[in-house]
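Given two chains presented individually in distinct reference frames, assemble the corresponding complex, making use of the accompanying hints.
Chains as they are written, first to last, in my numbering: chain A, 542 to 698; chain B, 101 to 536.
Hints may contain errors.
Calculated pairs, DSS-like style, for lysine-lysine (alpha carbon to alpha carbon, straight line, at most 30 Å) [said to hold, decoys possible]:
#, chain 1, residue 1, chain 2, residue 2
1, B, K437, B, K334
2, B, K437, A, K644
3, A, K565, B, K245
4, A, K614, B, K466
5, A, K565, B, K183
6, B, K418, B, K489
7, A, K595, B, K489
8, B, K183, A, K597
9, A, K614, A, K597
10, A, K565, B, K266
11, B, K388, B, K266
12, B, K334, B, K142
13, B, K183, B, K388
14, B, K245, A, K550
15, B, K416, B, K358
16, A, K689, B, K437
17, B, K386, B, K343
18, A, K618, B, K245
19, B, K466, B, K437
What follows is a list of derived Cβ distance ranges for each label pair [to be verified]:
#, chain 1, residue 1, chain 2, residue 2, range
20, B, E431, A, S581, 43 to 49 Å
21, A, G646, B, Y238, 45 to 51 Å
22, A, K597, B, P302, 54 to 60 Å
23, A, A553, B, P178, 41 to 47 Å
24, A, S583, B, Q150, 49 to 55 Å
25, B, T462, A, A553, 52 to 58 Å
26, B, F176, A, S583, 43 to 49 Å
27, A, H654, B, F176, 54 to 60 Å
28, A, S581, B, L181, 41 to 47 Å
Residues of chain B placed beyond 12 Å of chain A at every Cβ, according to the derived structure [to be verified]:
#, residue
29, R118
30, A133
31, G175
32, D244
33, K258
34, S259
35, E279
36, E404
37, Y411
38, K416
39, E449
40, K489
Treat the hints as calculated values from the structure; they're not laboratory data.
Built from N, CA and C at the ideal position, the CB exists for glycine as well.
The lines below spell out each chain.
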Amino acid sequence: MTFSPELEKRFADMVTHYPEGRQKAALIPMLMYGQDEVGSISPELMAEVAKRLKIKVIEVEEVLGYYSMLHRKPMGKYHVQVCTNVACMLVGGTELYDHACKKLGLKHLETQHNGHYSLEEVECIGACSWAPAIQVNYTFHHYVTPEKFDSILGECK
Amino acid sequence: MGRLYNEPSPLEVKIVTRNFGLPNSESIDTYLAHQGYEALKKAIGMSQEQIIDEVKASSLRGRGGAGFPTGMKWGFVPRQLDKPKYIVVNADESEPGTCKDRLLIEFDPHQLIEGILIAALAVGAEKGWIYIRGEYRYLIDIMDKALAEAYAHGFLGKSIAGSQFKFDLYTQTGAGAYECGEESALLESLEGNRGIPRIRPPFPAVSGAFQCPTVLNNVETFCAVPAIIRDGGKAFADLGIPKAGGTRMVCIAGHVNKPGVYEVPLGFPMMKFINEVAGGIPNGRKLKAVIPGGSSCPILRADECDLNMDYDSLAKAKSMLGSGGMVVMDETTDMVKVALRIMRFYQHESCGWCIPCREGTTWLRKMLQRVTDGQGMTRDIDLIGDLAKNMLGRTFCPLGDAAALPTISLVEKFRGEFEAYVAKNPLAKNELVSVG
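Same shape as in the complex, but just chain B (with noise of 0.2 Å):
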C-alpha cells in the first residue's frame, strides 16, 4: 500500500480516486499498468464532436464549486477560429474546507495530464498551463516529474502517442491568493499580474488565456474524463442521479471521528455520509450545524441536513455543493466565532477591485469582531444581515456573494447565539431602536 492520508470507506464508488493505495501511484509505470492512458488513444480516435458528446453524456459537471457543465463549456470554444487555444487547470485550491485536489496531483499526477490531453484533442488546444496555488510546492514537484515522465513516453509534444496531435502542457505557480482560484483572477495571475477578476462576458472559452480560447476546468473535473472516454458517458452518469452524473470527493472536516477525504457518488445521503462514511460526531455530542461545500456555502443547521448531496438537493436547501468541503460542527460550536473567523477570511482575501466586496466585507469583520468582543448592539445584528444582502451579486466575481451568503445565512438561523453576545454589553440593554 502507498501512503494513504485516511483509511478508504467501503461506501465510497472509486472512480477518480481508483489508484490511490497502489504502490508509486504517481508512477507512469504504475499509471500503464491500470489501463493508464488508455482513454487518450481512444480519444485520437474520434472527432473532437463525438469526446464533447461523450462527456456531456456523463452528465459531467465542474467540480470546483460552480457546477457548470463540462461538455457544454468545451462545446463554447469557437474551434474554427484562428487563433490558438488553451487550456488552463485550476489548481489553486483554497476554499476553505477543500483539501482533494491535493490528492489527485499527489497521488495520479498522470490521470489528471491524460484529461487534459483529451479536453485538448476536443477543442484543438495546442498549450496549457496547470496553476498550482504556491503552498503547495511539494506538488509542483510531484507535477513536474510527472510531466517529464509523459514527454519521455511520448504522451506529450509532438506527434503524442504516435498521432498528429502535439501538445505542451506545463505548471505555473501562484503566490498565495485565494481570489485566483476565480477562474478569471487565475488568467491575470498566469498572465503575470494580479489577481483581479475580469468582467465577463467575453467567457473565457471565447477570450481565456492570453486573449485566446482557453478551456478552464477543476483538476477533479479534468480527472474525471478518462474513466468517462474509457467506459464511455453513460457508465459515468449512471453512477450519480440525472443531470448530475458521477462521483465526487468529498472533504470531510471538523466534529467528526473519521475526517479525510471519500470519493461519492451524486446523490449520497449527507447524513449517512457524516455518521457512516465519516463516523459520526465524537464524544457522543450532537450535530449543530454542517458548511456543506466550502466557507462560502450557506450553512445548514442540523435539522436541515436530511437531503442528498447533489447540486439541486443544496439549491432547494438554499445553500450549495460548492466545491465538496464539508465542515461539520457539534453542539459545542460557537457560531458567532465562525461568523468572525469566516469574515475574517474573506476580508483578507478580497482583492479590493470592487468597492462593495472591499468595504463590505471590512465592515461585517468590524462589526462581527464588536459583538463577538461583547460591545455589540442588537442593531448591529440587523446591520450584519442587511450589509450582506446588500453585497449580494455587486461584484465582477463571487468573493462579495461568498462572504455575504455564510454571514446572512448564520445571522438568520442562529440569531439566538448572536442576542447573547449583545446581552453581555451593558450598553445595549439602553439601546434606542430607530423607527422608520
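One chain only, chain A, in its complex shape (with noise of 0.2 Å):
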C-alpha cells in the first residue's frame, strides 16, 4: 500500500521524532492522517501501518477500539459533528441536534446511502463559549442556529 508523497514524507519524518525502538509511538497519528487520505481504518490500513512500524496488526486493534475518531467504516464525505455537551445544550444544541438528525435523514454514526453525509452527536469539541458549536469534517462553526445549520450544508458541495 503506498499513500500520497507528502503523506509518505510526514510518516517518515514522524518515525524519527521517537527515541530509538519506540517507533510504535508513531501509531495514533498514522492511523488519523492514513485515515485521511484512505477514508477510514481499512484491514489493508491496519496491516500496513503495522508493517510499518513493525508490530501485531492486534495492537493496532486494541488503539483502533480505543478512539472515538478512528473509523472502521467510511464516514460520509462531509461528516457533521454536532455538539450537545453541556455548554452547547444550555444554548440550543439539542434542538439542533434533532435539527440536523431531520434535515440530514439520519441519526448517531449514521452515513448516507450516497456517502455524502454522515452524522455524529459528539462530546465537547471545544468551543464552548461559542456555542452551539458543529464541526464538519475538520472545519468549526461557532454560533450555529437551524438557520446557519442549513446555509453551512448549502455550502457542501
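As C-alpha cells, this is what we get:
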C-alpha cells in the first residue's frame, strides 16, 4: 500500500520523532493521517501501519477500539459533528442536533447511502464560549442556529 | 486587528493573551517584534536552579485543572539521572466548558514554544511533544508552521540562539478521547497505546514519556513562563494573590450576554466576572447555578457565587477552579437534564480500566435517564448520591471523581427538582421506603 508523496514524507519524518526502538509512538498519528487519506481504517491500512511500525495487527486493533475519531467504515464526504454537551445544550445544542437528524435523515454515526453526509453527536469539541458549535470534517462553525446549519450544508457540495 | 473570537474586556489583565489581536499574531516576525524569544535568551544565561527559582517565585500553578505549583513540579525532575529528559505539552483540552488552549495555539504559538524551551533548559530536556486533541487539526497545521519558523530562526534544533542548548519539538495528534487529557493516559497515548491511566508513583517527573523523566504541563502553564522569566517571578506573582500568582484565562459559556475567553488575575471576583466582564445574564433572568471550572467541578448555587476565583476560595466552597471553563445557568435551566448530560459524557469517556468508574458511570447514567423519563423512584435519588459517593477516590485517575463530584452536588443542591421528576411517576406514590 502506498500513500500520497506528502503523506509518505510525513510518515518518514514522524518515525524519527521518537527515541530509538519506540516507533510504535507513531501509531495513532499514522492512523489519523492515514484515515484522512484512505477514508477509513481499512484492514489494508491496519496491516500496512502494523508492518511499517513492526507491530502486530492486534496492537492496531487494540488502539482502534479506543479512540472515537478512528472509524472502521468510511464516514460521509462531509462528516457533520454536532456537540450537545452541557455548554452547547444550554444554548440550543440539543435542538440543533434534532434539526440535523431531520435535515440529513440520519441518526448518530449513520452515513447517507450516497456517502455525502454522515452525522455524529459529539462530546465537547472545545468551542464552549461560541456555542452551539459543530464541526464539519475538521472545520469549526460557531453560534450555529438551525438556519445557519442549513446554509453551512448549502456549501457542502 | 487580527481575527478574535470575542471582544476583549477592559477589565482584563493581558499577559498570556497580550499578543492576541495583533496582525498575523501567529507569525514569528510579529512575535519577535514584541519581545519574542527575549526570555529564552535571558534563560540561556541563567542556571537551572535560577530558572526554577524564578518560576517558584511566580507562584504559577498548573492551569490544566489540578493547580499544582509549576516550579515545584520542575524541581522534582532528577536532573542528574543519566537518562534523556522530555517535555510534554498537554493540549488535549477536552474538559467540557474549556476552550482557551485552542486560542493560545491559534493566536500565539511562539509564546508556547518559548515557554517549552525555558522548561527544557530548566530540567535539561532534549526533546518535546505537543499533544493536541484530534479535533483541533487546524491547530496542528498552525503549530507545525510555527515549529518550522522556529527551526529556521535557530530557536529549535542545535545550538539554539547561538548557545550549546539543543532541543527538538514535535506535534502529536490525539484521536478523540477525553481520558487522554489525564497526564498518565496522555503518556500512554503518546507511546501508541490505549489511553489508560498509569498508577503513580512514579510520577511523570521521574518516569514519564518513554519511561524517562518528563515535565508535563498544560498549554497555558507553559505560555505564562516567558513573561515570568522576562519580567521576573515576583512581577507575575503580584498580579494574583498569595499562593496563586498571575492571571488565568477563564472561558465563560452558557447563559451570559458576552460569552468568551477572558484573562483575569487570580482572585478576580466571580460575580463581577459574570456581570461585568461577560455582560450578565440575558433577558433579565436570574442566575441559578455556575459550573466554575469545567464540568467535573461541583456546581455552585447562585447564593454561593459571591467569591473570588482562586484555588483556595473555590476549595472553601467545596468546588474547584479546575481548567477555567465556567458554565453559567439561568433560572430556566433544568438541573436534572444537566446532571444527565454531564453523566452521559463521563460514561462515554470512561476508559473502562477501573471498575468503580466504568460501572459507576453506567449505572448513574441509567438511573438519571430513568428519573428524567419520569420513571424514577425516590430511592433512586438517594441511590444516585450514594453510588457517586462510593466512586470517590477509588480509581487510578480523576475521571471517576470527575463524574461523581458534580453529580453529588447536583443531587444535594437541587434535590427538589429531582423529586419533581419522581412525582411524575405514578408508581412512586406507592413506593415502599426500606427501613434499615
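Of all the hints given earlier, name the ones this structure violates by number, lowest first. 1, 7, 11, 13, 17, 21, 22, 23, 25, 32, 35 and 39
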